[in-house]
Amino acid sequence: MGKKITGAEMVIQTLHDQGVESVFGYPGGAVLPIYDAIFQQENVKHILVRHEQGASHAAEGYARSTGNVGVLIVTSGPGATNAVTGLTDALLDSIPIVCISGQVPTHLIGTDAFQEADTVGITRACTKHNWLVKDIKDLPRIMHEAFYIARSGRPGPVLVDIPKDIQFAEGEYENLSKTTHKTYTPPSTIDSKAVSAVVDLMQRAKRPIIYSGGGIINSGPKASKLLQKFVQKTNMPITSTLMGLGAYPGSGDNWLGMLGMHGTYEANMAMHDCDLMLCIGARFDDRITGKIDEFSPKSKKIHVDIDATSINKNVEVDLSIIADCGKFLNEVLKIMENRNNKFQSYDLWWKQIDSWKKVNCLQYKANSDVIMPQYAIQRLYELTKNKDTYITTEVGQHQMWAAQFYKFDKPNRWLTSGGLGTMGYGFPAANGVQVAKPDALVIDIAGDASILMNIQELSTAVQYQLNTKIFILNNSYMGMVRQWQQLLHGNRISESYSDSLPDFVKLAEAYGATGIRAKKPAELDDAILEMIDTPGPVIFDCVVANLENCFPMIPSGKAHNDMLLGENVSDEEVANAIDDDGKIMV
Amino acid sequence: MNKKNPASTYDIISINEDDERHTLSIIVDDEPGVLARVIGLFAARGFNIDSLTVSETESKQQLSRITLVTSGSPSVIEKIKVQVDRLVSVHRVADLTADYGQYGALERELALIKVKGTGNKRLEALRLAEAFDAQTVDASLDSFVFQITGRTREIDRFINLMASVGLTEVSRTGVAALKRGAGST
Ligand SMILES: Cc1ncc(C[n+]2csc(CCOP(=O)(O)OP(=O)(O)O)c2C)c(N)n1
Ligand SMILES: [Mg+2]
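Protein chains in written order, with the working numbering: chain Z, 1 to 586; chain E, 1001 to 1185.
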């Protein structure tokens, strides 16, 4: 017990004790005491965003790239409501962030005071947990609990709502960063018998597949290492969700590419025809399964997840293990070592997979006049793969092309809004990464529509001299919407043309950043190199083919083995790919 | 193995299973907003709430007990339990359905039932109340209020019968439940 400090000082002290180096925020009346405390210290750096949504995604970027908890500070009312999208995004993608919001003074709560919003009510549904602090005595405990809950078990966003009088009030602070929580106890052990049963199933399987997800990334870099070892030992083919990219190297021998709606043909066919599916840290999301009653009909399914609610939620499995993915991989490798029996070599299965690979599902029609979006990503990959690169994305076709064509060899290098599909995520997230990793090359692969959703964050990037690069695949359309309109709605391009786009080069310049434009394939490489070499934030306006569609694709309502491939698909086939039942789905 | 799931990406209600009624006892931290968390979860995930009672139980430890009756297929009931258990403020969830588990549980509910009428109907109402062991807690020249405690099924039966002898209003407490024997939830 030390001397008495104010609630505002406790907030900053907690951040420091929790090892937080930078926070993202925006001031306002209800957080002025906290901002005053920020002003009077040097332990925690504050990054001023230009919109609270930007702060929320920046905190996500900071968290996802470092594995630590990201923090944002917002004022009451509009400050808090602006952060809701980022909180929801973090909830769906299991990203640990702590949002500290100011609230009107305790005695005004419930009076519709100026900038009062029922923040804990509004965010109850989009946080893992939240608190309204009503007594200064509770503040140190709640602050530290918030960090504990955000990062433990299945990580997620939490919010601490602090009335202004509590920020001014004085109390005793204690560093509680080692404490846990009285009711929240995430699984810490593992059922070895069940893991043994996994090995039994593996030994009997002839056509196994690993389907991994973001849970491996969340478990930490060690889990990715173990996964690689596990794949190498078993020679099993591996695919992953959008969120799991990078856990197993994209250039690895057993890698089938991403699975799901825009996954590769070989990954989806292997999922459909496998006889053993080992799902580690993924959640059988509808983008992954396609038509649920035709999902992998011949397989025994094993599900490893730290969150019990994910088990049997969408797909009933034969064996489930509720545990941390890294712990599971460690255990399964141990058990395998103790057994002498040989594993199958799965030769026939690999032969089959190789025949699917020959379909070459990511093929696209090359063009020497127009930059094909896929080509742009391929070049970006080739020219950045040997650097310390982090990629974020917005949402749309460019996101899927990035996932298909950029190969991630390490975890935590790929940041995208998977569960919520939030346009406007990528750029502030990239700023968050850049703050955490000042020397890294951080690129937001963006779309012309998405980038405008949080373009104001360019001001943030300029202010803090962040080197964040925005690589816009500019097709002048909300391409993914246009593609669906072509598939589902008779090619009636309703409101998805990007009319009146700004001149992105001038826009960059207006903010004090650099703008670069490439229009021809021949000039692409040099322009990308120029982007990499230019210090400070850069907008790269990559003008690409307007009407290219993203393939392969499992049309909604179809099964994994019913994919639309890009190369030879006619416009008519595209128009009739989805039947009436499929149309009602998102 | 996916036979239970109908042909839709989203709609995954298990069509082959019959709905069951379950009484869940949810021990939570007695803190503001905790009830909103629990019922918000039911609303957000489309689970049913048939009845709900809440009160502080162990005041020393600042715990409350939420007793909630829900219905759904066995797999939905399983989902409800793990979802509720995942809430940070929830200590534990126990299934206190009367005929569930090794020993089963006790479920009781109290209802106040107002009937209006004169003559034969009034006499019949009194006779029925007696047969059901209901107490008369209020009476006027043309009305009674009965109080009945028992299992939900019995109370339902009593109310159904009262409908033909002048039932006007019902107020029920919802189910309270405890495990049988010495063990606690
Ligand atoms: C905030 C938000 N609003 C709407 C959508 C629906 N949506 C998904 S993709 C998309 C178009 C994105 O266009 P653009 O950024 O140009 O990317 P492209 O598909 O052209 O690569 C839209 C509107 C969304 N995902 N997020
Ligand atoms: Mg576009």
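Treat the hints with care, since some could be wrong.
Ranges between beta-carbon positions, derived for each pair [what the hints assert, rightly or not]:
hint, chain 1, residue 1, chain 2, residue 2, range
1, Z, P78, E, Y1103, 53 to 61 Å
2, Z, P297, E, R1092, 36 to 44 Å
3, Z, P502, E, D1018, 53 to 61 Å
4, E, E1017, Z, K365, 24 to 32 Å
5, E, R1045, Z, K229, 48 to 56 Å
Every beta carbon over 10 Å from chain Z, so not counted as near; a handful from chain E, in silico [to be verified]:
hint, residue
6, D1085
7, R1086
8, L1178
Hints were generated in silico from the structure; no laboratory data involved. From the three backbone atoms N, C-alpha and C, an ideal C-beta is built for every residue, glycine too.
Hint-by-hint comparison with the structure:
1. Checked against the given bound of 53 to 61 Å, the beta carbons of Z:P78 and E:Y1103, roughly 55 Å apart, stay inside it.
2. The supplied range of 36 to 44 Å is met by Z:P297 and E:R1092, whose beta-carbon atoms lie about 37 Å from each other.
3. Under the hint 53 to 61 Å, the C-beta atoms of Z:P502 and E:D1018, about 59 Å apart, fit the expected range.
4. For E:E1017 and Z:K365, the Cβ-Cβ distance of about 50 Å falls outside the hinted range of 24 to 32 Å, so the restraint is violated.
5. For E:R1045 and Z:K229, the hinted distance range of 48 to 56 Å is not satisfied, since their beta carbons lie about 38 Å from each other.
6. Look at E:D1085: its CB is around 7 Å from the nearest CB on chain Z, not clear of 10 Å, so calling it non-interface is violated.
7. E:R1086, annotated as away from the interface, has a beta carbon of chain Z within 10 Å; the closest lies near 5 Å.
8. Remark: the non-interface label on E:L1178 is consistent with the geometry, its nearest Cβ contact in chain Z lying 21 Å away (cut-off 10 Å).
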